[in-house]
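**Student:** Now for the letters of each chain:
There are 2 protein chains.
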Amino acid sequence: MVLVAGTTAIDTIQTPDSAPRECIGGSAVHFAYAAALFGPVRIVSIAGDDFPPDALRRLEARGIDTAGIRIAPGKTFRWSGKYLADMDHRETLATDLNVAASWEPEVPPAWSDTRVVFLANGSPRFQRAVMAQVAAPDIVVCDTMDYWIESERAELDALLREVDGILMNEDEIRMYTGEASSIRAAQNLLSLGPEFIIVKKGAHGALLATQWGVDALPAYPVARVCDPTGAGDSFAGGFLGYLGAAPSIRDRETLKRALARAACVASFNVEDFGAARLESLTAEEFQHRVREYARMLSIG
Amino acid sequence: MVLVAGTTAIDTIQTPDSAPRECIGGSAVHFAYAAALFGPVRIVSIAGDDFPPDALRRLEARGIDTAGIRIAPGKTFRWSGKYLADMDHRETLATDLNVAASWEPEVPPAWSDTRVVFLANGSPRFQRAVMAQVAAPDIVVCDTMDYWIESERAELDALLREVDGILMNEDEIRMYTGEASSIRAAQNLLSLGPEFIIVKKGAHGALLATQWGVDALPAYPVARVCDPTGAGDSFAGGFLGYLGAAPSIRDRETLKRALARAACVASFNVEDFGAARLESLTAEEFQHRVREYARMLSIG
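First to last, the protein sequences are chains L and U. Reminder that position 272 of the first sequence reads as 272 in my numbering, one-by-one numbering, no gaps. Reminder that position 205 of the second sequence reads as 205 in my numbering, one-by-one numbering, no gaps.
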């Protein structure tokens, strides 16, 4: 059983090939669709009373428990952005926190037995508050962003001493550590507490740093990236979804296999707007891609 | 038997951690040391009478035939550059062509039977002149750079119709094709003639585009990059050296295996200044890294 605490959102996404399009999104939604490929998922989040009930039903249809999404009077969190031609860079046009501004995350008491927890990007204070509401998790992984690294450094340092793993992108981990090399930056962060550091490099794949060394895996090559929104959260969902269903967690091979699933899920995420591709993805399609990815990486 | 036509140089290299250092370099030298891991190599190049005879002896000691290096009166080609903190970007401080300015490449007649040919970065007119002097090669691969894409486009287009493969970095292939996606850019170039396109992404690995699809492989993770000079040429040397010794060439698996060897050789190249690490590299050290790399990519 995997739990994610993060945002549910209504995103307005503009790409070089398309007019602005409104999508159900948010870190918790992308994560949950990805992790649901491996087993049941629980969402802790907040949405406004404008959040479409149908969106909740579609999540439930994939085995995602939405009982932890509090529906508050007001508007759902909204993000609006525009991707540049290379699809690697984007411009945020607007961020309206709306009901998320006054959110204090509450894990339903019946969910305090969850074993695998993902603390999606958010204030480290909130992330620690979620963690405190889960009794004895096997594994807790967090995300963060430049804003928290700059404004809540001490709280983030404290969080890092408590979690098992963290995901960051290259800019974030370089900012956090002051190291120009992502590999050395990840090794550096390991010494602060977590058992593993994942550096997300988008179209260039990811790094996994553990006490056993540094592993690099490429992204699954996607010729037509439609919309990268939520790719990092779906990556985290693939990673923790796989770990949630794995017999053991704390070994290099299992973590690497989880990273490979993460890369495959994320490659689907970018093929359509929002989480649309993940919503319709079948177990067969996913397994087929994992096999293709493994074949690509077979160089013996 | 593998032949490379390219530069021999005296490089002056400055890195964030070190004062300027003088190294024997040039595309042909880095390529040759890498390809020599797999079998004999022939160099077609030009050097000045200041080129240290000891540098030639050290090449010969690795099974590299230097009979095609013409020693001309005057100074050897010199390049001087400075790497920035991220080691991905560099500033060229000076380029002095010296004797290379009046070079007309000549393949020794006895070498016209060479089966595997690498046309290192240079004027596409010279690259075609070298090609014309090899009777019936099995495979010809070229490199190029932004300068030729901008100034000799027609000649480069003609070269592309004649070669079997080309290596480019991401900026170059995007400039050449006008495509923002490296994957689509590579697919696009395939339609101009070559059987395969390799996109070199430095620390992010490489892409291989063929009629059978696009494969991505990561770089072997190196925590302490000492000097990236010549990494791309050593990558090409590992790739073509492997193909020169392979029983068949024109299938996806062999090309991918060659790409994996290329990644491993390049990871050694960056561990010391110039080609120093490649000069001392043993077959055992290399095979050990290839096995480590294969294990890293095993995600079944």
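Hints were generated in silico from the structure; no laboratory data involved. On a predicted model such as this, the values are computed, not experimentally measured, just so you know. The reader is advised that the hints may include incorrect statements.
Said to hold, decoys possible - Calculated pairs, EDC-like style, for lysine to aspartate or glutamate (alpha carbon to alpha carbon, straight line, at most 20 Å):
{"hint": "1", "chain 1": "L", "residue 1": "Lys256", "chain 2": "L", "residue 2": "Glu179"}
{"hint": "2", "chain 1": "L", "residue 1": "Lys256", "chain 2": "U", "residue 2": "Glu292"}
{"hint": "3", "chain 1": "L", "residue 1": "Lys82", "chain 2": "U", "residue 2": "Glu195"}
{"hint": "4", "chain 1": "L", "residue 1": "Lys82", "chain 2": "L", "residue 2": "Glu104"}
{"hint": "5", "chain 1": "U", "residue 1": "Lys256", "chain 2": "L", "residue 2": "Asp96"}
{"hint": "6", "chain 1": "U", "residue 1": "Lys82", "chain 2": "L", "residue 2": "Glu179"}
{"hint": "7", "chain 1": "U", "residue 1": "Lys256", "chain 2": "U", "residue 2": "Glu179"}
{"hint": "8", "chain 1": "U", "residue 1": "Lys75", "chain 2": "U", "residue 2": "Glu170"}
{"hint": "9", "chain 1": "U", "residue 1": "Lys75", "chain 2": "U", "residue 2": "Asp113"}
**Student:** Lys82 of chain L and Glu104 of chain L were given as a pair; does the straight-line alpha-carbon distance stay at or below 20 Å?
**Tutor:** It is violated: about 30 Å lies between the C-alpha atoms, which goes past 20 Å.
**Student:** If you draw a straight line from the CA of Lys256 of chain L to the CA of Glu292 of chain U, is it 20 Å or shorter?
**Tutor:** holds (14 Å)
**Student:** Just to be careful, I want the Cα atoms of Lys82 of chain U and Glu179 of chain L compared with a cutoff of 20 Å; is the pair within it?
**Tutor:** Distance ~19 Å between Lys82 of chain U and Glu179 of chain L Cα, so the pair holds.
**Student:** Take a quick look at whether Lys75 of chain U and Glu170 of chain U sit within 20 Å of each other, Cα to Cα.
**Tutor:** violated (33 Å)
**Student:** Holds or violated: Lys75 of chain U and Asp113 of chain U, Cα atoms, limit 20 Å.
**Tutor:** At roughly 31 Å apart (the allowed maximum being 20 Å), Asp113 of chain U and Lys75 of chain U break the hint.
**Student:** Taking 20 Å as the top limit, are the C-alpha atoms of Lys256 of chain U and Asp96 of chain L close enough?
**Tutor:** Cα-Cα ~47 Å, so violated.
**Student:** Taking 20 Å as the top limit, are the C-alpha atoms of Lys82 of chain L and Glu195 of chain U close enough?
**Tutor:** violated (36 Å)
**Student:** Please verify whether Lys256 of chain U and Glu179 of chain U have alpha carbons no more than 20 Å apart.
**Tutor:** violated (24 Å)
**Student:** With the threshold set at 20 Å, check whether the alpha-carbon distance from Lys256 of chain L to Glu179 of chain L stays at or below it.
**Tutor:** violated (24 Å)
Going down the numbered hints, you'll see the structure goes against 1, 3, 4, 5, 7, 8 and 9, while the others check out.
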